[in-house]
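So the protein sequences, as listed, match chains A and B.
The opening residue of the first sequence carries number 132 in this note's numbering; numbering runs sequentially from there.
The opening residue of the second sequence carries number 694 in this note's numbering; numbering runs sequentially from there.
Calculated from the structure, these hints are not laboratory results.
Hints are supplied without guarantee of correctness; some may be wrong.
Unchecked claim - Derived list of chain B stretches under chain A, where covered just means 3 residues or more per stretch with a C-beta under 8 angstroms from a C-beta of chain A:
#1 739 to 753
#2 951 to 957
#3 1058 to 1064
#4 1159 to 1168
#5 1209 to 1217
Unchecked claim - Straight-line distance between alpha carbons at most 27 angstroms, and here's what the computed DSS-like set of lysine-lysine pairs gives:
#6 B:Lys1197 - B:Lys1213
#7 B:Lys1213 - B:Lys971
#8 A:Lys261 - A:Lys250
#9 B:Lys971 - A:Lys179
#10 B:Lys860 - B:Lys849
#11 B:Lys1197 - A:Lys223
#12 B:Lys849 - B:Lys749
#13 A:Lys179 - B:Lys1142
#14 B:Lys725 - B:Lys1142
#15 B:Lys860 - A:Lys179
Idealized CB from N, CA, C, for every residue including glycine.
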Amino acid sequence: MRSYWTKRVLGAAAVLLLVIAANFFLFRIMPGDVVSTIVDPRFSPEAKERMREVFGLDLPLGRQFVIYVRRMLTFDFGISFLSQRPVWDELKSRVPNTVALLGSALVLSSALGTWLGVKAARKRGGFTEKVVLLSGSVSFSFPSFFVQLVLLLLFAYTFPLFPLRGSVSIPLPEAGAARVLDYLWHLLLPAGSLVLLGFGSWAIYVRNLMVKTLGEDFILMARAKGLPDGRVLWNHAFRSALPPVLTLFLLALPGIVSGAVLTETVFSLHGVGKYLLDSIMGHDYPAAGAAFYILGLLTIASNLAADAAYALADPRIRVGGRVQS
Amino acid sequence: MIPRRFLSLILFLGLILQGAAARADFDVSTVKGPHIKDLYMVIYRDPDSQMLALQKGELDVLGDIARPSDVDRLASNQEVSLSISRGFHLFFMGFNLRKEPWNDRALRQAAAMAVPSRQIVRDIFSGYSEPVDTYLPPVSPYYEPDVTVHEHDPAKARQTLAEAGWKWSTEGTLIPPDGDRPLKAVKLLSPTAQVAPTTAEISNRIAEALKSIGIPLSVEPLDFSSMISRLDRHDFDLFVMAWSLSRDPDSLFAFFHSSMDVPGGYNIQGLHDPELDKVLEELRWAPDEEAAGEAARKAQRMLSDISPWIPIYSRYMVAAVRNEWEGVVSTRSTSADNLWTLLNMRPLQGGERPVLWCLSEEPRSLNPLGTSSAYDWQVLALVYEGLIAVDPETLGDIPWLATDWKVETVDGGGGPHTRLTFALREGVRWQDGLPFTSRDVRKTLEFLKEHEIPRYYDNVRDIERIDTPDDHTVIVTMGNVSYWHLHNIGGSPVFPAHLLESIKDWETWQPARETHPSEKGLTNLVGTGPFVFMEYRPGEFVHLVRNEDFWLLGGD
Chain A
132 MRSYWTKRVL
142 GAAAVLLLVI
152 AANFFLFRIM
162 PGDVVSTIVD
172 PRFSPEAKER
182 MREVFGLDLP
192 LGRQFVIYVR
202 RMLTFDFGIS
212 FLSQRPVWDE
222 LKSRVPNTVA
232 LLGSALVLSS
242 ALGTWLGVKA
252 ARKRGGFTEK
262 VVLLSGSVSF
272 SFPSFFVQLV
282 LLLLFAYTFP
292 LFPLRGSVSI
302 PLPEAGAARV
312 LDYLWHLLLP
322 AGSLVLLGFG
332 SWAIYVRNLM
342 VKTLGEDFIL
352 MARAKGLPDG
362 RVLWNHAFRS
372 ALPPVLTLFL
382 LALPGIVSGA
392 VLTETVFSLH
402 GVGKYLLDSI
412 MGHDYPAAGA
422 AFYILGLLTI
432 ASNLAADAAY
442 ALADPRIRVG
452 GRVQS
Chain B
694 MIPRRFLSLI
704 LFLGLILQGA
714 AARADFDVST
724 VKGPHIKDLY
734 MVIYRDPDSQ
744 MLALQKGELD
754 VLGDIARPSD
764 VDRLASNQEV
774 SLSISRGFHL
784 FFMGFNLRKE
794 PWNDRALRQA
804 AAMAVPSRQI
814 VRDIFSGYSE
824 PVDTYLPPVS
834 PYYEPDVTVH
844 EHDPAKARQT
854 LAEAGWKWST
864 EGTLIPPDGD
874 RPLKAVKLLS
884 PTAQVAPTTA
894 EISNRIAEAL
904 KSIGIPLSVE
914 PLDFSSMISR
924 LDRHDFDLFV
934 MAWSLSRDPD
944 SLFAFFHSSM
954 DVPGGYNIQG
964 LHDPELDKVL
974 EELRWAPDEE
984 AAGEAARKAQ
994 RMLSDISPWI
1004 PIYSRYMVAA
1014 VRNEWEGVVS
1024 TRSTSADNLW
1034 TLLNMRPLQG
1044 GERPVLWCLS
1054 EEPRSLNPLG
1064 TSSAYDWQVL
1074 ALVYEGLIAV
1084 DPETLGDIPW
1094 LATDWKVETV
1104 DGGGGPHTRL
1114 TFALREGVRW
1124 QDGLPFTSRD
1134 VRKTLEFLKE
1144 HEIPRYYDNV
1154 RDIERIDTPD
1164 DHTVIVTMGN
1174 VSYWHLHNIG
1184 GSPVFPAHLL
1194 ESIKDWETWQ
1204 PARETHPSEK
1214 GLTNLVGTGP
1224 FVFMEYRPGE
1234 FVHLVRNEDF
1244 WLLGGD
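So that you can see chain A by itself, here it is in the shape it has in the complex (with noise of 0.2 angstroms):
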């Protein structure tokens, strides 16, 4: 068991290494730099080797490659390109915004799919199941951007329910309760949005597991014994198909932190997702090297999570290579 998850820290850990270098070299490997991309009459070809030097960028790739690992490693990540503040401050700025937005949405569309996936393999052809096929195809079929629009121009504009954007009013509400409230408000319809567009496709997932794993000996079994249906349903049969949901749930996570940039666009809120297009778009290498290591990190974290939610979620699973059944 111990030596199990030596293996799997010391296989993250290169993994992690990997996505140092990575995210060094791709980035430099693009083509141009955060200089190239500024094309005015009015930077002059010595203003713009002037401004290489005060990015750094004039340096040799092999000490430029030294003080990036040294600062991805103690998590110093420097100043960004395009805004000169600190990494970490622009990222903090932005992380509460997106992971408020989007862990909801997750948890809610997990939550809300999950229910009516059993829920449609309980009872075949039913009612349910014909919602739950639905909704998948249609939030399969429309672009996210187009449904969002649309429930801005109905709730936002067209009957005005909720604001047209951000995350606060304006003028401000004063602190405390109102200003929460004012926000929750805000986030309504965005988080909404993607509830409306996420849970079909956790629902279709959890349905086809279900109608798999209903369709077992080991619930046939439990059936004869005469258990309740609903025990059967939730003790037995969902219990079994837990683990690869809890995975995918898991795997989601590192997604909250990274954004939906479409999202954030159409709301105008302030997330990490428009901010990592930008510093890609604007090859920003401090700022997206830092946020592609930290989505790194947490996509590392996520999957030993994942192993070690598996052995919970199901006793006859115990990681290290021992079944029992």
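For this one, chain A is given, so just place chain B on it according to the hints.
Using the frame of chain A, we list chain B on its own:
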């Protein structure tokens, strides 16, 4: 039934006439403001959200409206007034003159005749852009209309080529005069349709037009970085690009002088023409405005013959303001989203209410020394001011922090020099209460030069000496002669000397986040301008309030 594109054209002409009537009685010298107390620059990134917010009244002013459909929609909205002005924008197709066959002038001129620029602009922009034939936008005070125009005429294009010795293969592909093989397939570098749909469409139309005279051309869509990288490496045949320019025509030097054909330079097409170089040097180092204007016009005439680009169009700038406001300032060359509007506007019904102004991107750093973001400068330009300003109607120089100035060419060691003498306005105070003096101007220029700050590098690098004989006079002697030194020095923002001295690292200076050392409620973002910076809430808004000590404030 009138076709839609003509409806747009009629609508546009109506707006221009309406705007001309509205601005007939506008006089810069009558402006005394600002009258508004609170200004929120609200961040809306999505154009659809911007439109909804304007129509719903959650925005008062929206600038840079680029989609013709949005202009049409707003034009029929009774609650909103539109303003349209010519913009300092120029879109063109360039050739790589370093390589064959593009070094052949006859081929370039024939290509210009083959491209139906006017038709393309009419089809794509429905009247909201104007076709151009020269190398400065029509709004420029130095625009030269009397140039060789390569009118759309495919038959004449073929005739020009035939006269220059070009032949056609049996498949219709051009064969160079001194060769016997048809031209190889070539590419036109263009941004992708996802990023710039109209540009991509124009590129396709250009490619079709050039194919029709035998140039085997296709479009190569690229992301912006890849395209710039290819252009920097000179790895291209043809490219499309747009420049956002200023009122000064010395950009012609940057685009076409042979010394600018260097890495990071803007002579992308690689034009080397000694005759033109001479004229561009006359422009760059002109001792006065008259000489500069003459050189700029001559350069445009020469360029229209050389044809290193095919100029295509210049975009109109469209802005919308809700009708609850009066005093909006728009001219033929400045749309309503400008400083003058902010100085002059007030609620139609009287009383006080904040102005909600759209900022279509996040400010980056609000560091006036380091940022090159236009969105940062939308905010910073309300706080910091220069010695001279630009008249929104004539685009001429008008007094600002300097009430008067003199441009002289004087003899000194090593040849003639431009000497600029500014008489500073008296009674101006920094927003933290200290008086504005010649020391602030000197310290600012010295700071910018000493630290070689990229944004101001070209403005101040030729400064040789700065004298401040008294608190209200600044004399700046440059190391060479150029009329443009006046705009470079006079147009640079002035920073308070007492705060400049406390800056440890200009690159990471965050004045908007630093508490002012002595004035409660202020940050270190302190200027002499009409608005005082109060708060930047990332992703949401920038809040500014009226500077109650502003020198132009006349009271209501």
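Compare the structure with the hints numbered earlier in the document and write down the numbers of the violated ones, lowest to highest.
4, 5, 7, 12, 14 and 15
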